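Chemist: One letter stands for each residue in the lines below.
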Amino acid sequence: DAGVIQSPRHEVTEMGQEVTLRCKPISGHDYLFWYRQTMMRGLELLIYFNNNVPIDDSGMPEDRFSAKMPNASFSTLKIQPSEPRDSAVYFCASSATSGGLNEQFFGPGTRLTVL
Amino acid sequence: SQQGEEDPQALSIQEGENATMNCSYKTSINNLQWYRQNSGRGLVHLILIRSNEREKHSGRLRVTLDTSKKSSSLLITASRAADTASYFCATDAPGYALNFGKGTSLLVTP
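So the protein sequences, as listed, match chains X and P. Residue 1464 is where the first sequence starts when you use our numbering, and the numbers rise one by one after that. Residue 666 is where the second sequence starts when you use our numbering, and the numbers rise one by one after that.
Bound conformation, chain P alone:
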């Protein structure tokens, strides 16, 4: 079952601009993860934020988590054409499984 829902479904920006994607979920979580998928490839893990964390950084990525609103955001700063991809949030499910959203498709144009 899909718990996370990303917003927007698609986003088009120019190189150098910042890109912000949001994820909302329904039930309590232990952690939330963001993944990237380049066209024709498998998903790649970007960053994990635990439920007791509010913000986390990794290079040009910044993730926030608001458990009271059951939402997370992924910010990519100073975007590059190579950031063009689909971005998925994933919440933990029973066992060690993950629930993935349908993703945000990001297009960065030169």
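Isolated chain X, as found in the complex:
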């Protein structure tokens, strides 16, 4: 398996622009997580899905952030409009409930810079 795939790997945009981050989880995994990592705040859970359904979005910072999972193999995280304080590395991770353990597999991340 190729692991969790994220695109783009790097994104530089200007304040006010819409940003869309993409994630393909590991095939067969039924949980998908979106995280944001910054030096100041560490690794923050933004939202997670189970079987394509959003379970907890309490970590989404503002209404400017939205996430979708239209099918088991694809998810997006959208920021509209983007602001400089959104600059961070965004990770997608997936896990499988089979076996009852919640080990998570992370993608390589998308480094977002908002100017």
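Keep in mind the hints are simulated off the structure, nothing from the lab. Among the hints, a few may not be true.
[Unchecked claim] No farther apart than 25 Å at their CA atoms in a straight line, the calculated lysine to any residue pairs in the SDA-like style are these:
1. X:LYS1541 x X:GLU1477
2. P:LYS767 x X:ARG1548
3. P:LYS691 x X:GLN1500
4. P:LYS767 x X:PRO1571
5. P:LYS735 x X:ARG1504
6. P:LYS691 x X:PRO1524
7. P:LYS767 x P:SER738
8. P:LYS767 x X:ASN1565
9. X:LYS1487 x P:HIS710
10. P:LYS767 x X:LEU1564
11. P:LYS691 x X:LEU1509
12. P:LYS767 x X:ASP1519
13. X:LYS1531 x P:TYR761
14. P:LYS721 x X:ASN1565
15. X:LYS1487 x X:PRO1524
16. X:LYS1487 x P:ASN764
17. X:LYS1541 x P:ALA762
18. P:LYS767 x X:PRO1547
19. P:LYS735 x P:ASN695
20. P:LYS767 x P:THR729
21. P:LYS767 x P:GLU682
22. X:LYS1541 x X:VAL1552
23. X:LYS1487 x P:GLY705
24. P:LYS691 x P:ASN764
Since we're looking at a predicted model, the values are computed, not measured.
Position chain P relative to chain X; hints supplied.
Modeler: Only chain P this time, still in chain X's reference frame:
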């Protein structure tokens, strides 16, 4: 929310030495996990220890768990330059989520 807190924040050792990192958490857990993050990469799962286990080994890694003290430690023996990375503990959260600490940054110099 972050439940686990790693200590120290940063650790610098020489190759061949052992590295010990600690994690403290606040509420009861079902299991605790350790992850490694190399610079510019995603986190990689290292080891999971269940709440009814006290010690677990995986290669050069040794993890202990003391539920009475709500703490865990990760020991890397005979460290190598390639072990240079940040190490995070993660405790289970409601649902299948995890709470990650802020990590220990380990530097192993040749």
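Chemist: Hint by hint, say whether it matches the structure.
Modeler: Against the structure, the hints come out as follows:
1. Simply put, LYS1541 of chain X and GLU1477 of chain X have alpha-carbon atoms about 15 Å apart, close enough for the 25 Å limit, and the pair holds.
2. For the proposed pair LYS767 of chain P and ARG1548 of chain X, the alpha carbon gap of about 19 Å is at most 25 Å, so the pair holds.
3. Taking the CA atoms of LYS691 of chain P and GLN1500 of chain X, the gap is near 22 Å; set against the 25 Å cutoff, the hint holds.
4. Note on LYS767 of chain P and PRO1571 of chain X: the hinted pairing holds, with a Cα-Cα distance of about 18 Å set against a maximum of 25 Å.
5. The hinted pair formed by LYS735 of chain P and ARG1504 of chain X meets the criterion: a straight-line CA distance of about 23 Å does not exceed 25 Å.
6. For a cut-off of 25 Å, the pair hint linking LYS691 of chain P to PRO1524 of chain X stands: about 24 Å separates their Cα positions.
7. For the hint linking LYS767 of chain P to SER738 of chain P, the alpha-carbon distance of about 15 Å falls within 25 Å, and the restraint holds.
8. Our distance criterion of 25 Å between C-alpha atoms is met by LYS767 of chain P and ASN1565 of chain X, whose separation comes to about 19 Å.
9. At roughly 19 Å between alpha-carbon atoms, LYS1487 of chain X and HIS710 of chain P fall within 25 Å of each other, so this suggested pair holds.
10. Proximity of LYS767 of chain P to LEU1564 of chain X is assessed by CA-CA distance (about 22 Å); at most 25 Å being required, the pair is judged to hold.
11. For the hint pairing LYS691 of chain P with LEU1509 of chain X, the CA-to-CA distance comes to about 21 Å; that is within 25 Å, so the pair holds.
12. Proximity of LYS767 of chain P to ASP1519 of chain X is assessed by CA-CA distance (about 21 Å); at most 25 Å being required, the pair is judged to hold.
13. Under the criterion of a C-alpha separation no larger than 25 Å, the hint pairing LYS1531 of chain X with TYR761 of chain P is consistent with the structure, at around 18 Å.
14. With a CA separation close to 17 Å, the supplied pair LYS721 of chain P and ASN1565 of chain X stays within the 25 Å bound.
15. Our distance criterion of 25 Å between C-alpha atoms is met by LYS1487 of chain X and PRO1524 of chain X, whose separation comes to about 23 Å.
16. Taken as a hint, the LYS1487 of chain X and ASN764 of chain P pair is honoured in the structure, with Cα atoms around 22 Å apart against an allowance of 25 Å.
17. Between LYS1541 of chain X and ALA762 of chain P the CA atoms are separated by roughly 21 Å; this keeps the pair inside 25 Å, and the hint holds.
18. Between the alpha carbons of LYS767 of chain P and PRO1547 of chain X the distance comes to roughly 22 Å, so the proposed pair stays at or under 25 Å and holds.
19. For the suggested pair LYS735 of chain P and ASN695 of chain P, the alpha carbons sit about 12 Å apart, so the restraint of at most 25 Å is met.
20. Taken as a hint, the LYS767 of chain P and THR729 of chain P pair is honoured in the structure, with Cα atoms around 19 Å apart against an allowance of 25 Å.
21. At roughly 24 Å between alpha-carbon atoms, LYS767 of chain P and GLU682 of chain P fall within 25 Å of each other, so this suggested pair holds.
22. Only pairs whose Cα atoms come within 25 Å are accepted, and LYS1541 of chain X paired with VAL1552 of chain X is accepted, the gap being roughly 14 Å.
23. For the hint pairing LYS1487 of chain X with GLY705 of chain P, the CA-to-CA distance comes to about 19 Å; that is within 25 Å, so the pair holds.
24. With a C-alpha separation of about 11 Å, the suggested pair LYS691 of chain P and ASN764 of chain P falls inside the 25 Å cut-off, and the hint holds.
Hint check: no violations occur; every hint is consistent with the structure.
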